[in-house]
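Novice: As a plain string of letters, each chain reads:
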Amino acid sequence: MKRREFLKTTPCLALLNPAFLPELCSNLYAFDLPPNLSKVEARYYEKLPDKEIKCHLCPRECHLGDKERGYCGVRENSNGTYYTLVYGKACAVHVDPVEKKPFFHFYPRRQTLSLATAGCNVNCKFCQNWEISQVRPEQVQHFDFPPRMVVETAKKYNCPLIAYTYTEPVVFFEYMVDTAKLGRRAGLKSVVVTGGHINQQPLKELIEVVDAIKVDLKAFTQSFYDKYVRGELQPVLEAIKLIAASPVWLEIVYLVIPTLNDSPEEIRQLSRWLKQEIGPDVPIHFSRFHPMYLLKNLPPTPIATLEQARQIAREEGLHYVYIGNVPGHEGESTYCPNCGELLIKRWGFDVLKISLRNGKCPRCQTPIPGVWG
Amino acid sequence: MAKVIVGRGNILSRSGDIDTARLKKLIIKSLQALVDTPSLPEALHQIFPRPASVGLKINTIAGKKLSTRPEVSLTLGRLLLANHSGLRQVIIWDRTNRELKQAGYRLSQKGDIRIFGTDTRGVGYENKLVMTQNIGSLFSVIQTKLTHYSVSLAILKDHGLAGVTAGLKNYYGAVHNPNKYHDNHCDPFVAELFSTPPVKNKHRLTIIDALLVQFHRGPSYHPRWTARKNMLIFSLDPVAADTVGWQIIDQLRRQAGLPSLAEEGRTPLYLQTAEKMGLGQTSGKIEIKEIEA
Numbered sequence: 037m038k039r040r041e042f043l044k045t046t047p048c049l050a051l052l053n054p055a056f057l058p059e060l061c062s063n064l065y066a067f068d069l070p071p072n073l074s075k076v077e078a079r080y081y082e083k084l085p086d087k088e089i090k091c092h093l094c095p096r097e098c099h100l101g102d103k104e105r106g107y108c109g110v111r112e113n114s115n116g117t118y119y120t121l122v123y124g125k126a127c128a129v130h131v132d133p134v135e136k137k138p139f140f141h142f143y144p145r146r147q148t149l150s151l152a153t154a155g156c157n158v159n160c161k162f163c164q165n166w167e168i169s170q171v172r173p174e175q176v177q178h179f180d181f182p183p184r185m186v187v188e189t190a191k192k193y194n195c196p197l198i199a200y201t202y203t204e205p206v207v208f209f210e211y212m213v214d215t216a217k218l219g220r221r222a223g224l225k226s227v228v229v230t231g232g233h234i235n236q237q238p239l240k241e242l243i244e245v246v247d248a249i250k251v252d253l254k255a256f257t258q259s260f261y262d263k264y265v266r267g268e269l270q271p272v273l274e275a276i277k278l279i280a281a282s283p284v285w286l287e288i289v290y291l292v293i294p295t296l297n298d299s300p301e302e303i304r305q306l307s308r309w310l311k312q313e314i315g316p317d318v319p320i321h322f323s324r325f326h327p328m329y330l331l332k333n334l335p336p337t338p339i340a341t342l343e344q345a346r347q348i349a350r351e352e353g354l355h356y357v358y359i360g361n362v363p364g365h366e367g368e369s370t371y372c373p374n375c376g377e378l379l380i381k382r383w384g385f386d387v388l389k390i391s392l393r394n395g396k397c398p399r400c401q402t403p404i405p406g407v408w409g
Numbered sequence: 007m008a009k010v011i012v013g014r015g016n017i018l019s020r021s022g023d024i025d026t027a028r029l030k031k032l033i034i035k036s037l038q039a040l041v042d043t044p045s046l047p048e049a050l051h052q053i054f055p056r057p058a059s060v061g062l063k064i065n066t067i068a069g070k071k072l073s074t075r076p077e078v079s080l081t082l083g084r085l086l087l088a089n090h091s092g093l094r095q096v097i098i099w100d101r102t103n104r105e106l107k108q109a110g111y112r113l114s115q116k117g118d119i120r121i122f123g124t125d126t127r128g129v130g131y132e133n134k135l136v137m138t139q140n141i142g143s144l145f146s147v148i149q150t151k152l153t154h155y156s157v158s159l160a161i162l163k164d165h166g167l168a169g170v171t172a173g174l175k176n177y178y179g180a181v182h183n184p185n186k187y188h189d190n191h192c193d194p195f196v197a198e199l200f201s202t203p204p205v206k207n208k209h210r211l212t213i214i215d216a217l218l219v220q221f222h223r224g225p226s227y228h229p230r231w232t233a234r235k236n237m238l239i240f241s242l243d244p245v246a247a248d249t250v251g252w253q254i255i256d257q258l259r260r261q262a263g264l265p266s267l268a269e270e271g272r273t274p275l276y277l278q279t280a281e282k283m284g285l286g287q288t289s290g291k292i293e294i295k296e297i298e299a
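Residue numbers (my numbering), protein chains in the order written: chain W, 37 to 409; chain Y, 7 to 299.
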């Protein structure tokens with residue numbers, strides 16, 4: 037089953053209350069539930085004359101009149117005050133291994149309580165989860181899942197990590213930050229899976245309260261961001277730099293899409309930029325594309341293309357280069373960049389063996405960067 | 007040459023009341039003038055040639071003061087049913103029941119005039135995406151399945167991003183993700199959405215409610231920048247109708263001492279795009295006929 041189908045059909049929220057089950061199985065767009073949206077004042081916006089507002093959460097900087105919503109579809113100007121409509125309104129909740137996010141250098145084998153609300157601040161033509169990311173909150177089944185309940189549920193299901201994922205957590209910023217703060221007080225770590233399309237100021241607040249961020253770098257050209265993402269590349273690169281300079285653990289995913297962002301030149305430029313700006317130790321995952329949403333005309337990424345990308349990145353000096361969405365491939369595992377020793381053997385989202393000793397290669401004692409727990 | 011009928015009459019009073027008798031007369035005269043016939047049934051048969059149900063896509067996003075007025079849509083609906091033997095049903099609709107109610111509509115799912123939003127239980131959006139050049143959307147089932155013909159019964163407003171919102175942009179309310187269509191002054195998105203089969207194949211008529219026009223700071227309602235124009239604009243050419251709407255807004259802005267939309271960098275570029283896509287005509291190729299009631 038594809039991840040998209042899984043999200044759509046799995047009665048995931050039932051783990052919280054089995055009474056939800058019958059409703060969760062109904063048609064995604066059947067509107068069986070009343071809207072029941074939140075009305076919590078948003079952060080990072082500016083009030084303007086005539087009940088207009090300007091949002092400063094993401095580089096889009098939406099300028100909105102009364103009763104209008106931002107590009108994300110989940111923040112609304114009501115009478116000159118900007119509100120998030122999705123605070124505590126989860127539309128997907130699952131228990132996933134942290135390797136699924138993917139984080140390969142952050143608490144391996146741990147379970148995450150993963151959650152999302154509706155909405156996204158870009159519109160990727162290859163979105164895996166468009167049924168929840170590209171809809172308004174009233175168009176998808178959701179329910180009350182306030183921060184305190186998230187923390188209680190994570191503990192109940194033995195998840196030391198809370199993951200904000202599936203859609204774009206930036207659009208539920210307030211909910212994410214408050215949950216992360218509460219989680220930290222309860223001893224839980226927070227991890228974020230994001231496109232990185234966020235302004236510097238809110239990102240600075242975010243990195244104060246979360247522990248790891250995975251950025252989906254969609255390509256390394258603005259033309260790709262214009263055509264297939266409808267967003268800006270430069271703010272994403274700035275976000276990556278800010279995260280890398282903070283104590284928060286950073287990993288990068290690059291979905292390799294045949295003919296669109298898979299040229300060796302682009303991969304080489306990206307790799308050089310990462311090494312120069314971030315350093316050689318940031319893990320990068322070259323993930324396999326599968327046709328979906330608005331890009332069904334393209335084939336899945338050939339494995340040889342992923343292997344070529346991995347080869348180029350390693351040639352450019354990156355130490356931890358992975359291949360994603362190819363279960364069983366050797367590129368899923370972690371090797372010592374000094375002696376080549378196999379350190380963590382993975383198969384899909386499963387960790388089969390960990391040879392690390394106190395965060396070091398057992399053979400040559402090279403420290404392996406990460407948060408190993 | 008595209009024909010646009012600009013119907014005028016003292017319909018909306020200063021106190022906000024609607025003279026429904028005059029409104030009815032204006033709609034009849036305008037529709038007759040639109041297709042050059044003295045007979046309303048003949049006019050309607052020309053516009054809606056086959057037996058059908060007709061959807062009146064109204065705009066209710068801005069609340070009671072600045073939405074397609076119930077008197078306008080109901081009067082039009084009754085005239086359609088009374089003068090076209092083949093029309094079985096009129097559906098007056100928009101995105102949500104909440105917005106319809108806030109605009110003064112009484113919801114109804116029975117009878118030959120029905121009023122409900124896409125979010126009505128059992129209605130909703132299609133599950134299959136319709137692609138434009140740039141975006142994929144799920145269309146309201148009202149647009150795709152419940153109606154055979156579509157009338158864009160819009161309201162004329164200034165729009166902070168698009169410049170003007172009128173008949174073409176009204177169809178943003180027919181898809182699940184209108185927020186994704188607002189980049190680059192809504193260009194080419196307004197034109198692209200209109201050119202999709204669920205809209206283009208069903209749209210027959212544009213009527214723009216310009217009884218009260220928001221000429222600045224739209225699309226929200228700001229009474230300081232509204233003008234009681236007491237006009238209804240009719241056209242079979244959706245681009246021409248909106249172009250005339252744009253001219254009216256710019257005229258009102260000049261009268262109020264405001265810069266034109268072009269001077270503010272808010273030219274409704276999507277109209278040129280729509281013309282290039284063959285959806286209709288912009289100025290220079292439009293015949294405007296004024297009707298009084």
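The hints are simulated quantities; they were obtained by calculation from the structure and are not laboratory data. Some hints could be false.
In silico DMTMM-like cross-links for lysine to aspartate or glutamate, where the CA-CA straight-line distance does not exceed 20 angstroms [claimed, not checked]: (1) Y:K9 - Y:E293; (2) Y:K35 - Y:E48; (3) W:K240 - W:D386; (4) W:K103 - Y:D42; (5) Y:K30 - Y:D118; (6) W:K389 - W:E88; (7) Y:K71 - W:D386; (8) W:K332 - Y:E48; (9) W:K263 - Y:D189; (10) Y:K31 - Y:E48; (11) W:K311 - W:E301; (12) W:K136 - W:E301; (13) W:K90 - Y:D25; (14) W:K263 - W:E241; (15) Y:K71 - Y:D25; (16) Y:K208 - Y:E269; (17) Y:K9 - Y:E281; (18) Y:K291 - Y:E132; (19) Y:K71 - Y:D42; (20) Y:K31 - Y:E270; (21) W:K191 - W:D180; (22) Y:K70 - W:D86; (23) Y:K71 - W:E97; (24) W:K90 - Y:D189.
These figures come from a predicted structure and were not determined experimentally.
Novice: Determine for every hint whether it applies to the structure shown.
Specialist: We went through each hint and held it up to the structure:
Between K9 of chain Y and E293 of chain Y the CA atoms are separated by roughly 5 angstroms; this keeps the pair inside 20 angstroms, and the hint holds. Between the alpha carbons of K35 of chain Y and E48 of chain Y the distance comes to roughly 13 angstroms, so the proposed pair stays at or under 20 angstroms and holds. Under the criterion of a C-alpha separation no larger than 20 angstroms, the hint pairing K240 of chain W with D386 of chain W is inconsistent with the structure, at around 33 angstroms. Distance restraint check for K103 of chain W and D42 of chain Y: the Cα-Cα separation of roughly 40 angstroms exceeds the 20 angstroms cut-off, and the hinted pair is therefore not satisfied.
Restraint check for K30 of chain Y and D118 of chain Y: satisfied, since their Cα atoms lie roughly 19 angstroms apart, inside the 20 angstroms limit. For the given pair, K389 of chain W sits about 56 angstroms from E88 of chain W by alpha-carbon distance, which is inconsistent with the 20 angstroms threshold. For the hint linking K71 of chain Y to D386 of chain W, the alpha-carbon distance of about 59 angstroms lies beyond 20 angstroms, and the restraint is violated. In summary, the hint linking K332 of chain W to E48 of chain Y is not supported, as the alpha carbons are separated by about 47 angstroms, beyond the 20 angstroms threshold.
Proximity of K263 of chain W to D189 of chain Y is assessed by CA-CA distance (about 12 angstroms); at most 20 angstroms being required, the pair is judged to hold. Distance restraint check for K31 of chain Y and E48 of chain Y: the Cα-Cα separation of roughly 16 angstroms lies within the 20 angstroms cut-off, and the hinted pair is therefore satisfied. Of the pairs offered as hints, the one joining K311 of chain W and E301 of chain W holds, with about 15 angstroms between alpha carbons and a cut-off of 20 angstroms not exceeded. Distance restraint check for K136 of chain W and E301 of chain W: the Cα-Cα separation of roughly 28 angstroms exceeds the 20 angstroms cut-off, and the hinted pair is therefore not satisfied.
For the suggested pair K90 of chain W and D25 of chain Y, the alpha carbons sit about 40 angstroms apart, so the restraint of at most 20 angstroms is broken. For the hint pairing K263 of chain W with E241 of chain W, the CA-to-CA distance comes to about 30 angstroms; that exceeds 20 angstroms, so the pair is violated. For the hint pairing K71 of chain Y with D25 of chain Y, the CA-to-CA distance comes to about 16 angstroms; that is within 20 angstroms, so the pair holds. At most 20 angstroms may separate the alpha-carbon atoms for a hinted pair to count; K208 of chain Y and E269 of chain Y exceed this at roughly 35 angstroms.
Simply put, K9 of chain Y and E281 of chain Y have alpha-carbon atoms about 15 angstroms apart, close enough for the 20 angstroms limit, and the pair holds. Distance check on the hinted pair: K291 of chain Y and E132 of chain Y sit about 37 angstroms apart at the alpha-carbon level, beyond 20 angstroms; violated. This hinted pair does not check out: K71 of chain Y and D42 of chain Y have alpha carbons roughly 33 angstroms apart, beyond 20 angstroms. Annotation: proposed proximity of K31 of chain Y to E270 of chain Y is violated, straight-line Cα distance about 38 angstroms (limit 20 angstroms).
At most 20 angstroms may separate the alpha-carbon atoms for a hinted pair to count; K191 of chain W and D180 of chain W meet this at roughly 18 angstroms. The hinted pair formed by K70 of chain Y and D86 of chain W meets the criterion: a straight-line CA distance of about 18 angstroms does not exceed 20 angstroms. Of the pairs offered as hints, the one joining K71 of chain Y and E97 of chain W is violated, with about 28 angstroms between alpha carbons and a cut-off of 20 angstroms exceeded. For the given pair, K90 of chain W sits about 15 angstroms from D189 of chain Y by alpha-carbon distance, which is consistent with the 20 angstroms threshold.
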